[in-house]
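Chains as they are written, first to last, in my numbering: chain S, 1 to 70; chain A, 1001 to 1265.
None of these hints come from the bench; they were simulated from the model. Small disclaimer: the values here were computed from a predicted structure and weren't measured. Virtual Cβ for every residue (Gly too), placed ideally from N, Cα, C. Hints may be right or wrong, so weigh each one.
Computed footprint of chain A on chain S, listed as stretches where at least three residues anywhere in the stretch have a Cβ under 8 Å from a Cβ of chain A [what the hints assert, rightly or not]: (1) 15 to 22; (2) 25 to 32; (3) 49 to 59.
Calculated lysine to any residue pairs in the SDA-like style (CA-CA distance at most 25 Å, straight line) [stated by the list, open to error]: (4) K1149(A) x Y66(S); (5) K1149(A) x V62(S); (6) K1149(A) x P1098(A); (7) K1095(A) x Q1070(A); (8) K1156(A) x G32(S); (9) K1039(A) x P1098(A); (10) K1156(A) x L23(S); (11) K1095(A) x N1082(A).
Here's a subset of chain A near chain S, in silico, CB distances under 7 Å, partners left out [what the hints assert, rightly or not]: (12) P1161; (13) V1164; (14) L1171; (15) L1172; (16) P1174; (17) I1175; (18) V1178; (19) S1179; (20) V1183; (21) R1184.
One letter stands for each residue in the lines below.
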Amino acid sequence: MSAQPTGSPSSEANAGWAVFGTLLAGLLVWGGVGYLLGRWLDVAALFPIGLLLGAAAATYSVYVRYGRSS
Amino acid sequence: MLTRLGAAGEGYVAPSLGAFLFDPWVHWTSFGHEFYINKVIGLLFFGCLAVGAFFLLAFRNPKVVPGPLQNVAESFYDFIRNGIGRDVIGPEGVKYAPYLTILFFFVLIMNLYGILPVAQVPVTSRIAFPAFLAAMSWVIFNYVGIRRKGLGPYFKEIAFPPGVPKAVYVLLTPIELVSTLLVRPFSLAVRLFANMFAGHILLLVFATATVYLLNAPNFSKIFALVSFPMAVILTGFELLVEVLQAYIFTILTAVYISGALAEEH
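Take the sequences, apply the hints, and build the full model.
Quick look at the structure:
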């Protein structure tokens, strides 16, 4: 039972939920942007490109927030 | 399989959305809106009264050496205060323990209705209830964060994770904002709702299938020997899921409050 929340084991497990949320948000935001741009410009490939970009950015964000501190 | 059963004549009718819709006990119109009180609302009122009455009675006349009721209520409260408030948020988490305790027991009883005789429908399987509770958690963690850090710094901390090249923020900031401000409340509500909804459907399928198979005209009757134990086992499983989901909802609310309070390292 440590005073600092980031150190306690329960919050380590709960980081999993936050990671899940970030990854989902990455796919939603950039996948969504890719999908809409693809529809507008009539380039079908923009949707998968957006999804990949979102996944990569979300993974990087997870690394920045949770990977580096430990 | 269910459709194949249904192919021969009337057949088995699988439980549908109708299982979640109840006829109003009373309804009236005021301010141009129609209001209903049905079974779900009745269960909601009763649950609020039960949880409220329990804690009021237990702590109405607190003693240094607690009586049996106060003893039970205190151990419940200690469990949430220490197990969630202090462990997740830290020493100042004790301040949020009353809300977390009431939240836990409210969600718990709304879930447990799913396997309680007579009630037999989880109130939280109607999306409005989890959605409102998630909205409350959202308001609380944002309010707490803004009050602690100020409006600007709070959103800056959400939107701009430190130690990232500036150009990358173009990619990361939308993700961080959506993840914290939209995905969090949405997943909180949907996780509770979907678990309760699916669990209730599961119980209904095996319970109604048992009745259907018992009334089958041929040897199919013996399959009731499979579906009935499944209904019993799944009732036990639902008990586990209902307690677990109430716990997860409470602990995630605490995690979000803790995240809003924590200083960025």
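Evaluated hints:
1. 15 to 22: It holds, with 5 qualifying residues against the three required.
2. 25 to 32: Since three or more residues must qualify, the claim that chain A covers the region 25 to 32 of chain S holds, with 5 doing so at under 8 Å.
3. 49 to 59: holds (count 4)
4. K1149(A) x Y66(S): Since the Cα atoms of K1149(A) and Y66(S) sit roughly 21 Å apart, the hinted pair holds (cutoff 25 Å).
5. K1149(A) x V62(S): Holds, because 23 Å separates the two Cα atoms, which is no more than 25 Å.
6. K1149(A) x P1098(A): 23 Å, holds
7. K1095(A) x Q1070(A): Distance ~20 Å between K1095(A) and Q1070(A) Cα, so the pair holds.
8. K1156(A) x G32(S): Distance of about 24 Å is within 25 Å: holds.
9. K1039(A) x P1098(A): Judged against 25 Å, a Cα distance of about 28 Å means the pair is violated.
10. K1156(A) x L23(S): OK: K1156(A) and L23(S) at ~20 Å, within 25 Å.
11. K1095(A) x N1082(A): 11 Å, holds
12. P1161: Result: holds, 5 Å to nearest chain S Cβ.
13. V1164: 6 Å, holds
14. L1171: 4 Å, holds
15. L1172: 5 Å, holds
16. P1174: 5 Å, holds
17. I1175: Hint holds; I1175(A) Cβ to chain S Cβ min 5 Å, cut 7 Å.
18. V1178: Holds, because the Cβ-Cβ distance from V1178(A) to chain S comes to roughly 4 Å (cut-off 7 Å).
19. S1179: OK, holds: S1179(A) within 7 Å of chain S, min 3 Å.
20. V1183: 4 Å, holds
21. R1184: 6 Å, holds
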